[in-house]
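Asker: Construct the complete structure from the given sequences, taking the supplied hints into account.
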Amino acid sequence: MKAGLLLFAHGSRDARWAEPFEAVAARVRARAPALAVALAYLELMQPSIEEAATLLAGQGCTRVDVVPLFLGAGGHVRGDLPELLERLRRAHAHVTWRLQPAIGAAPEVVAAMADAALRMAEGDAPAA
297 MKAGLLLFAH GSRDARWAEP FEAVAARVRA RAPALAVALA YLELMQPSIE EAATLLAGQG
357 CTRVDVVPLF LGAGGHVRGD LPELLERLRR AHAHVTWRLQ PAIGAAPEVV AAMADAALRM
417 AEGDAPAA
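Residue numbers (our numbering): 297 to 424.
A few of these clues could be false.
Said to hold, decoys possible - Capping the alpha-carbon separation at 20 angstroms, the derived lysine to any residue pairs in SDA-like fashion look like this:
1) 298 with 342
2) 298 with 324
3) 298 with 396
4) 298 with 388
5) 298 with 361
6) 298 with 346
7) 298 with 391
8) 298 with 345
9) 298 with 350
Keep in mind that the hints were calculated from the coordinates and are not lab data.
Answerer: Okay, here's the thing in structure tokens:
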């Protein structure tokens, strides 16, 4: 069984918006070189989730964890994403698609955001 990871973000008209998500994908690839990793967007950016899924399936993945790079599980994560995964299951029936919780729900992400907010409040971070 070849594992894959599909990181899923919203998308934006501003190309710079994708930089943190690309950095996440690059860090995952560096830490787990054997894991097939794709980054996809809901809208306004490429690749789409369908394109990323086709890439992972084409690389021989038989199990793909889909991790929403969203702070919370709003309408896109609860409504749009399950519908998109149903399409992926039909298009790539040999792949098991496993939807994971929104990344913002992970305790270590909450802790990292709290630490960063405190560091900013203490003046240890550059102003935007």
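Asker: Evaluate each hint against the coordinates.
Answerer: Right, here's what the structure says about each hint:
A C-alpha spacing of about 24 angstroms is found between residue 298 and residue 342, which places the hinted pair above 20 angstroms, so the restraint is violated. A hinted pair counts as satisfied when its Cα atoms are at most 20 angstroms apart, and residue 298 with residue 324 qualifies at roughly 16 angstroms. Distance restraint check for residue 298 and residue 396: the Cα-Cα separation of roughly 18 angstroms lies within the 20 angstroms cut-off, and the hinted pair is therefore satisfied. Our distance criterion of 20 angstroms between C-alpha atoms is met by residue 298 and residue 388, whose separation comes to about 14 angstroms.
Proximity of residue 298 to residue 361 is assessed by CA-CA distance (about 11 angstroms); at most 20 angstroms being required, the pair is judged to hold. Annotation: proposed proximity of residue 298 to residue 346 holds, straight-line Cα distance about 19 angstroms (limit 20 angstroms). Note on residue 298 and residue 391: the hinted pairing holds, with a Cα-Cα distance of about 10 angstroms set against a maximum of 20 angstroms. Distance hint between residue 298 and residue 345 is fulfilled; the C-alpha atoms sit about 19 angstroms from each other, no more than 20 angstroms.
Between residue 298 and residue 350, the direct Cα distance comes to roughly 14 angstroms. Compliance with the 20 angstroms bound is thereby established for this hinted pair.
Checked against the numbered hints above, the structure breaks only hint 1 and satisfies the rest.
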